[in-house]
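2 protein chains.
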Amino acid sequence: MTRYKLTIEYDGTPYVGWQRQDNGRSVQGEIEAAVAAFCGQPINVYGAGRTDSGVHALGQVAHFDIPRDTGADTVRDALNHYLRKAPITILDADRVDEDFHARFSAVGRHYLYRILNRRPPPALDRDKVWWHPKKVDAEAMHAAAQVLVGDHDFTSFRATSCQSKSPVKTLDRLDVVRNGAEIRVTAAARSFLHHQVRNMVGTLMWVGSGKWGPADVQASLEARDRAAAGPTAPPEGLYLVQVDYP
Amino acid sequence: MTRYKLTIEYDGTPYVGWQRQDNGRSVQGEIEAAVAAFCGQPINVYGAGRTDSGVHALGQVAHFDIPRDTGADTVRDALNHYLRKAPITILDADRVDEDFHARFSAVGRHYLYRILNRRPPPALDRDKVWWHPKKVDAEAMHAAAQVLVGDHDFTSFRATSCQSKSPVKTLDRLDVVRNGAEIRVTAAARSFLHHQVRNMVGTLMWVGSGKWGPADVQASLEARDRAAAGPTAPPEGLYLVQVDYP
Numbered sequence: 001m002t003r004y005k006l007t008i009e010y011d012g013t014p015y016v017g018w019q020r021q022d023n024g025r026s027v028q029g030e031i032e033a034a035v036a037a038f039c040g041q042p043i044n045v046y047g048a049g050r051t052d053s054g055v056h057a058l059g060q061v062a063h064f065d066i067p068r069d070t071g072a073d074t075v076r077d078a079l080n081h082y083l084r085k086a087p088i089t090i091l092d093a094d095r096v097d098e099d100f101h102a103r104f105s106a107v108g109r110h111y112l113y114r115i116l117n118r119r120p121p122p123a124l125d126r127d128k129v130w131w132h133p134k135k136v137d138a139e140a141m142h143a144a145a146q147v148l149v150g151d152h153d154f155t156s157f158r159a160t161s162c163q164s165k166s167p168v169k170t171l172d173r174l175d176v177v178r179n180g181a182e183i184r185v186t187a188a189a190r191s192f193l194h195h196q197v198r199n200m201v202g203t204l205m206w207v208g209s210g211k212w213g214p215a216d217v218q219a220s221l222e223a224r225d226r227a228a229a230g231p232t233a234p235p236e237g238l239y240l241v242q243v244d245y246p
Numbered sequence: 001m002t003r004y005k006l007t008i009e010y011d012g013t014p015y016v017g018w019q020r021q022d023n024g025r026s027v028q029g030e031i032e033a034a035v036a037a038f039c040g041q042p043i044n045v046y047g048a049g050r051t052d053s054g055v056h057a058l059g060q061v062a063h064f065d066i067p068r069d070t071g072a073d074t075v076r077d078a079l080n081h082y083l084r085k086a087p088i089t090i091l092d093a094d095r096v097d098e099d100f101h102a103r104f105s106a107v108g109r110h111y112l113y114r115i116l117n118r119r120p121p122p123a124l125d126r127d128k129v130w131w132h133p134k135k136v137d138a139e140a141m142h143a144a145a146q147v148l149v150g151d152h153d154f155t156s157f158r159a160t161s162c163q164s165k166s167p168v169k170t171l172d173r174l175d176v177v178r179n180g181a182e183i184r185v186t187a188a189a190r191s192f193l194h195h196q197v198r199n200m201v202g203t204l205m206w207v208g209s210g211k212w213g214p215a216d217v218q219a220s221l222e223a224r225d226r227a228a229a230g231p232t233a234p235p236e237g238l239y240l241v242q243v244d245y246p
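Protein sequence lines correspond, in order, to chains A and B.
Residues 1 to 246 (our numbering) make up the first sequence, in order.
Residues 1 to 246 (our numbering) make up the second sequence, in order.
Derived by calculation from the structure, the hints in this document are not laboratory data.
Among the hints, a few may not be true.
If several chains are the same, the list does not tell them apart, and a pair holds so long as it fits within one copy or across any two.
[As the list claims (entries may be wrong)] Here are the simulated DSS-like pairs of lysine-lysine, each with C-alpha atoms no more than 27 Å apart in a straight line:
hint: 1; residue 1: K134; residue 2: K85
hint: 2; residue 1: K85; residue 2: K135
hint: 3; residue 1: K211; residue 2: K134
hint: 4; residue 1: K128; residue 2: K85
hint: 5; residue 1: K165; residue 2: K85
hint: 6; residue 1: K211; residue 2: K85
hint: 7; residue 1: K211; residue 2: K128
hint: 8; residue 1: K211; residue 2: K165
hint: 9; residue 1: K211; residue 2: K135
I would like the entire structure built from these sequences, with the hints used as guidance.
Following this line, the structure appears as structure tokens:
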């Protein structure tokens with residue numbers, strides 16, 4: 001068996017999410033269908049992270065094993081051929097050792113959250129940004145975001161359905177930068193809880209709109225209660241940008 | 001009557017183009033329907049330039065007259081309300097003098113052409129870039145582009161269907177810049193012939209792929225014959241960025 005690592009870009013809009021589910025098309029399911037078409041047999045594909053419905057990726061990572069070594073570029077091009085009707089593209093395919101695991105070998109994950117902060121709605125970036133028509137203060141959001149950086153119990157920013165054993169995570173970076181009408185939130189950590197980025201962004205928008213200050217973010221973190229933090233930002237602004245391996 | 005100038009962003013993918021036509025939905029038709037819904041009567045909307053089917057706009061300009069002065073922000077917000085299901089958004093509405101004409105008052109037009117130059121196809125920018133999988137030399141394209149800058153008879157770069165009286169135009173700027181996998185061509189002139197930007201881009205791609213040098217571009221310009229220049233680049237990479245007024 002030969003193990004391949006895939007780096008994947010996708011538009012999450014038409015999918016139920018990364019993970020294969022009974023209720024609709026998934027990114028994993030599309031890629032597994034392409035791999036099956038290429039190999040002539042069903043093969044499981046394992047992703048680094050489960051993006052939700054509507055969440056995009058610029059650099060999701062996955063791995064799978066195939067019975068023969070056909071060359072990495074051939075794998076990439078063949079999968080892109082079978083995926084040509086889907087908004088999914090294989091950016092890279094690389095041969096990796098059999099102890100590589102897209103999820104368990106990952107040592108860092110990078111997310112981007114895009115907010116379009118202008119009164120007119122998006123035309124070209126529909127379903128690619130969170131449209132927020134009222135002006136918000138990105139500098140205040142950045143300052144408050146620093147409260148969340150570091151080792152914390154992120155229970156307040158964790159989906160109630162989250163299956164992670166521990167709510168304690170180390171957030172390495174959470175930056176908020178405005179560029180014209182667009183606000184970009186970038187987050188980096190070894191791993192994240194379910195909905196953590198979207199819940200942090202939703203909370204920071206309360207700061208940006210003047211409803212909350214940094215002390216409120218601090219208090220919501222210390223409360224260790226999902227109800228103490230802000231709402232979940234919508235999926236369409238979120239991008240899985242990169243997954244790091246040793 | 002009160003005249004309003006609109007600045008408009010749109011995704012040209014689902015449309016037959018800017019101009020109202022019998023064979024499908026047009027951007028002009030969608031905006032006229034929104035204006036009619038707002039005013040309660042049919043009203044013509046005049047655009048600065050007729051973008052082709054699949055061509056996008058970041059800053060198309062149009063004007064129209066309505067019987068009452070309702071305030072520019074109200075016009076913008078009302079039209080965006082009626083356009084909410086269309087990938088068209090009114091960025092700005094401004095009251096202008098009655099001698100303002102979106103097309104005839106314009107003194108400058110700016111276009112952007114986006115090329116995705118990588119082997120994997122676009123997933124997130126489908127229908128928003130020209131995908132060109134073979135590596136091209138953007139610096140060579142930029143150098144050759146300078147042959148086209150200035151006052152010239154652009155017959156070789158004009159659609160055979162072009163209705164402009166004269167093929168002589170002044171091209172103020174034609175720049176080609178690579179940023180990672182994306183090549184951006186920016187063009188500025190008082191006005192352009194039909195298909196001029198797409199025909200120049202298609203020709204420059206022959207230079208980028210090594211088929212042609214600057215002397216060939218020069219010869220094709222001097223031939224004053226459409227058949228002497230390169231092919232028409234596809235519409236999905238083209239954006240009308242800005243229209244200038246005195």
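Quick one: which hint numbers does this structure break? Sort them smallest to largest.
5, 6, 8
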